[in-house]
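Once you have looked at the hints, place chain B on chain A.
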Amino acid sequence: DVKVTQSSRYLVKRTGEKVFLECVQDMDHENMFWYRQDPGLGLRLIYFSYDVKMKEKGDIPEGYSVSREKKERFSLILESASTNQTSMYLCASREQGTDGYTFGSGTRLTVV
Amino acid sequence: KNEVEQSPQNLTAQEGEFITINCSYSVGISALHWLQQHPGGGIVSLFMLSSGKKKHGRLIATINIQEKHSSLHITASHPRDSAVYICAVRSGGSQGNLIFGKGTKLSVKP
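First to last, the protein sequences are chains A and B.
Here this note's numbering is used: the first residue of the first sequence is 1, the next is one more, and so on.
Here this note's numbering is used: the first residue of the second sequence is 1, the next is one more, and so on.
Each hint can be trusted.
Here are the simulated DSS-like cross-link-like pairs (lysine-lysine), alpha carbons at most 27 angstroms apart as the crow flies: (1) 102(B) with 54(B); (2) 3(A) with 54(B); (3) 53(B) with 68(B); (4) 3(A) with 55(B); (5) 3(A) with 105(B); (6) 55(A) with 70(A); (7) 13(A) with 55(A); (8) 105(B) with 55(B); (9) 102(B) with 55(A); (10) 71(A) with 3(A); (11) 105(B) with 53(B); (12) 53(B) with 102(B); (13) 57(A) with 71(A); (14) 102(B) with 3(A); (15) 54(B) with 105(B); (16) 102(B) with 68(B); (17) 53(A) with 18(A); (18) 57(A) with 102(B).
Treat the hints as calculated values from the structure; they're not laboratory data.
So that you can see chain A by itself, here it is in the shape it has in the complex (with noise of 0.2 angstroms):
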């Protein structure tokens, strides 16, 4: 079975700490993704990468990086956590050139 694993399910953290979000895939995906999940705004995207090493701003990058060393880790970083971004982190996954997203069970952050 395919999967996409995100290390932690609920996280709290105080602001200004560095926070490092990790998502793992085991199908050999070219593509992966962060998204954030809030109510009554839905799944917005913040960061992707096509391949190992590259990245893309995604409609909300401010106040978050990216880093991809591996092809099946796919790491998000808030630099300096602050309360705004208390919300839910979705990682996903696509091989290159189909349409089939795999998603992670998500993360969810609070920042205290």
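Relative to the frame of chain A, chain B by itself:
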């Protein structure tokens, strides 16, 4: 105006009822996805459509490309169907990303 509109936003049904959730979009697409999200859980892909109709168990998804409209139907609904159902479209082109609707929250009462 949102590029992907879902209706209704919230839906309460009695167990056994036939349920329809609608999705309209305004962009050219290569595929449309129906996704399911249980409370506190991740997202599961139910269907991916580019034309016609697909069926899986009690779930049926249809798409009309000319009218830019899709429907998700649930027959003989059950309380375990309670979840948020999200429509998402992949805009045309190899670099197109998903555009999501805001979701329909379904609650099925026993």
